[in-house]
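Here the protein sequences line up with chains A and B, keeping their order.
The numbering used here numbers the first residue of the first sequence as 1 and each following residue consecutively.
The numbering used here numbers the first residue of the second sequence as 315 and each following residue consecutively.
Because the hints were derived from the structure by calculation, they are not lab data.
Backbone N, C-alpha and C fix where the C-beta goes; we use that ideal spot for every residue, glycine too.
One or more of the hints may lead you astray.
What the hints assert, rightly or not - Here's a subset of chain B near chain A, in silico, CB distances under 8 Å, partners left out:
| id | residue |
| --- | --- |
| 1 | Ile396 |
| 2 | Tyr423 |
| 3 | Thr548 |
Said to hold, decoys possible - Some but not every residue of chain A turned toward chain B, in silico, with C-beta under 10 Å:
| id | residue |
| --- | --- |
| 4 | Leu35 |
| 5 | Val51 |
| 6 | Pro100 |
| 7 | Leu101 |
| 8 | Ala104 |
| 9 | Ala106 |
| 10 | Pro133 |
| 11 | Gly138 |
| 12 | Ile139 |
| 13 | Ala195 |
| 14 | Arg229 |
| 15 | Thr234 |
| 16 | Phe271 |
| 17 | Ala286 |
| 18 | Asn308 |
To be verified - Stretch-level coverage of chain A by chain B, calculated; a stretch enters the list once three of its residues show a Cβ under 8 Å from a Cβ in chain B:
| id | stretch |
| --- | --- |
| 19 | 39–47 |
| 20 | 119–128 |
| 21 | 196–206 |
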Amino acid sequence: MAVATPAATRSTVELALAGKRSDVSGRIFSALLLLCLLVSLGVLLVLLGSVLVDAWPVLSERGFGFVTGNLSDFESRAGVWQGLIGSLILIAFVAVIAVPLGVAAAIYLQEYARDTRATRSLITNIRNLAGVPSIVWGILGVVVFAQLLRGITGPEVSGLSYISGGLTLAVLVMPFLIIITMEALRAVPEGIREAAYGVGATRWEVVRSHVLPYAAPGVFTGTILALARAFGETAPILLVGAVTGYLTPGTGDGLIDTLQGKYTALPTIIFSWARKPGEEWGALTAAAIVVLLAVILVVNLAAILLRNRYERKW
Amino acid sequence: MASIAAETSDRMLAKLRGSSRRRRKERLVRTLLVAAAGLSVLITISILLALTFRTINFVSNVELSSLWSGIWRPRQGEFDLISLFYGSLVVTTIAMVVATPLGLGAAAYLSEYAKPGARRKLKPILETLAGIPSVVIGFFALTVINPIVVQGLFGATSTFTMMAAGIGVGILTLPLVASVAEDAMFAVPRALREAAYGIGARRRTVTLRVVFPAAISGIVAALILGISRALGETMVVAIAAGATGNASRTLNPFDPNQTLTAAIASLAIGSDQVQTRGTGLNAFEALYLVGFVLFVFTLLLNIVSERFVRKYRRAY
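Same shape as in the complex, but just chain A (with noise of 0.2 Å):
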C-alpha cells in the first residue's frame, strides 16, 4: 500500500510550509468561488420560491381544477390541460421520431464508421447543428414542415399541427441525442467488444447484445434530458403555431385527425399569458409555470439519480 495518500502529503507539506501565519488572502479567495457557487445556486431557490407564492393564490383557491381547466379569456376560468396535453403528444412524437433516428445515427457513428475525414466532418456538422439556436429551427420547421410538406403536416391548418412541431423539436435535440448517445457507447470497454467478435459474433450482434445494454444507462439519460428539453423549448413551435389564444378541441375523431389539426403546448401558453398586464395573469402565469417545473423537475431529478444509480467505472 502507499505510505500516504496524495491529500495527506499535501496537507503536512502545506502546514509545514505555511508555519504559524494563517492564509488570509487565500481564505478569502476560497471563500469568493464558494459565493460565485452559493449565488449560483441561490437564484434557482429565489426564482422557485417568487414562482411558488406568485401562484400560490391560484392554486389554492382553484387545485386541480386549474391543471384541468381549458384555456379561456377569462382569469377565473382559464387553465392548462389543453397545453399540458398538447405538450405531452408533441414530446411523444418527438420520442417515437427522433429517439430512434438519434441512437441508430449515433451508433453508426461510434461503432460502424471508419475514422475518416468524412466522418470526423459529419461529427463536426452534428456537433455545430447542436448550437443551432432553437428559433432558428423553427424557421426550419415553418419553411419545410409546414410549407413544403404542408399536405402531410396538416393541409387544413396551413401545416401549422402537431406533426409540424413535433417534427420541428425531433430535428431540435436529434444533434443533442447523438452527440450523448455516442458518449455512452464510447464508453463501453473495448474489451467486451473484442470478447463478443471472438466468438464469432457480427458486428450487429455485438452492438446489440453487448455494446447497447452496458451503454443503456447512459443513453436512456441523454434520452430523458433531449425531452425534458423539448418540453420546456417555447422558440421554435411559436414559429410553428401553437396557438395562444382560443383552441377549439378536437375536430377530428382519429389520431392522423388530430395530429393534423392545431395545438397548443405548454411553454406557449407560459409565455402568451405573461405577455398580458394584470396580476390575475401573474398569477396564472406563474401557475402555468409551477406545473411546468413540476414535469421537468421530476423528469431531471429521475435521469440525474438513475445516472448516479447505474453510472459505472471501469
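Model the placement of chain B on the given structure of chain A, informed by the hints.
Frame of chain A, contents of chain B only:
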C-alpha cells in the same frame, strides 16, 4: 490431397462467413444506420437552403436602404439590422458579465475546493438549473429581476429593459459556462497540481497559476459557447425586453429593445399577415433574413469554440 485441402478451406471460409441470412440482416442493419447518420446532412442542407432562398427572396423585394434605416419597424417597412445588432450586443454583454465570474468561480470551487462527495451532490443541482426552460427565466426576469434589481438598484423606470433580459440570459448561460469550464479544470492531470503542492504552493496559487492556465482553452471554449448560447436565446428577451416589436439603435441597458432572436419571435406571433407598406411582402418575411444572420453568427462562434476544445483535448 491438394483438392481435399482446398475443399476444407472453402468449407472453413463458408463456415466463418456464417449463414447468408445472418449476412443479409447485417447488411440491412448497416444500411439503416447509415441512413440515420446521413439524415443530419439532409437536415443541414435543408436548413441552409431554406434560409438562403428565403433571405434572397426577401432582400430582392425590399429597398436595400431599408436595411439600415435607423430603426426596426417591420410593419412600416423599416428593417434596420443595426438596431437588432445593438440589442443583441447589449444583452449578450450583460449576460456574460453575469455568467463569466459566477460560472468560472463556481467551476473552480467545484473542481478544486469541494470534497468529492459535495461535488457529486452540488453538480446535479447546477445541472437542474440548466434544465429550467427559458420562458420561466423570462417571467422571472420580468416579475422579479426588473422590479427588484433593475428598478430598485439602478433606478430604471421602464417595465421592459435590456438589463433585466441580460441578467436573465446570464442566469440561463451560467450553468453551461460552469459545467464546461469545470470539465476542463477537472481534466487537468493531478500530477501538475501535486508538483506545485510539492514545492509549497498554496491552493489558491495552484488554482490560479497551475489549473487555470492548463485548462485555459477549455475555459475559453466555455465562454464562447456561453456567448453563442446567449446570442441565440429568444424567450427571455421576448418577454422581458422587447414587447413592442420595434427596435432602435440604443445602447442604454435600461431601455427596452429587441435582439435578433426576439425580433424573429415577435414577427412570428404578431404581424404575420400584415402587409408591409410599400412592398408586396408580409412583414413576417423579414424573419428569414434575421434568422440567416443569426445562423451565420452562432455557427462561426461554434466553429471557433470547437477549435479550442480540440486544442485542450489534445493537450492531455
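Here's how the hints hold up against the structure:
no. : hint    : in the structure
1   : Ile396  : 20 Å, violated
2   : Tyr423  : 4 Å, holds
3   : Thr548  : 4 Å, holds
4   : Leu35   : 7 Å, holds
5   : Val51   : 7 Å, holds
6   : Pro100  : 8 Å, holds
7   : Leu101  : 5 Å, holds
8   : Ala104  : 4 Å, holds
9   : Ala106  : 8 Å, holds
10  : Pro133  : 3 Å, holds
11  : Gly138  : 7 Å, holds
12  : Ile139  : 4 Å, holds
13  : Ala195  : 18 Å, violated
14  : Arg229  : 7 Å, holds
15  : Thr234  : 5 Å, holds
16  : Phe271  : 5 Å, holds
17  : Ala286  : 7 Å, holds
18  : Asn308  : 7 Å, holds
19  : 39–47   : holds (count 7)
20  : 119–128 : holds (count 6)
21  : 196–206 : holds (count 4)
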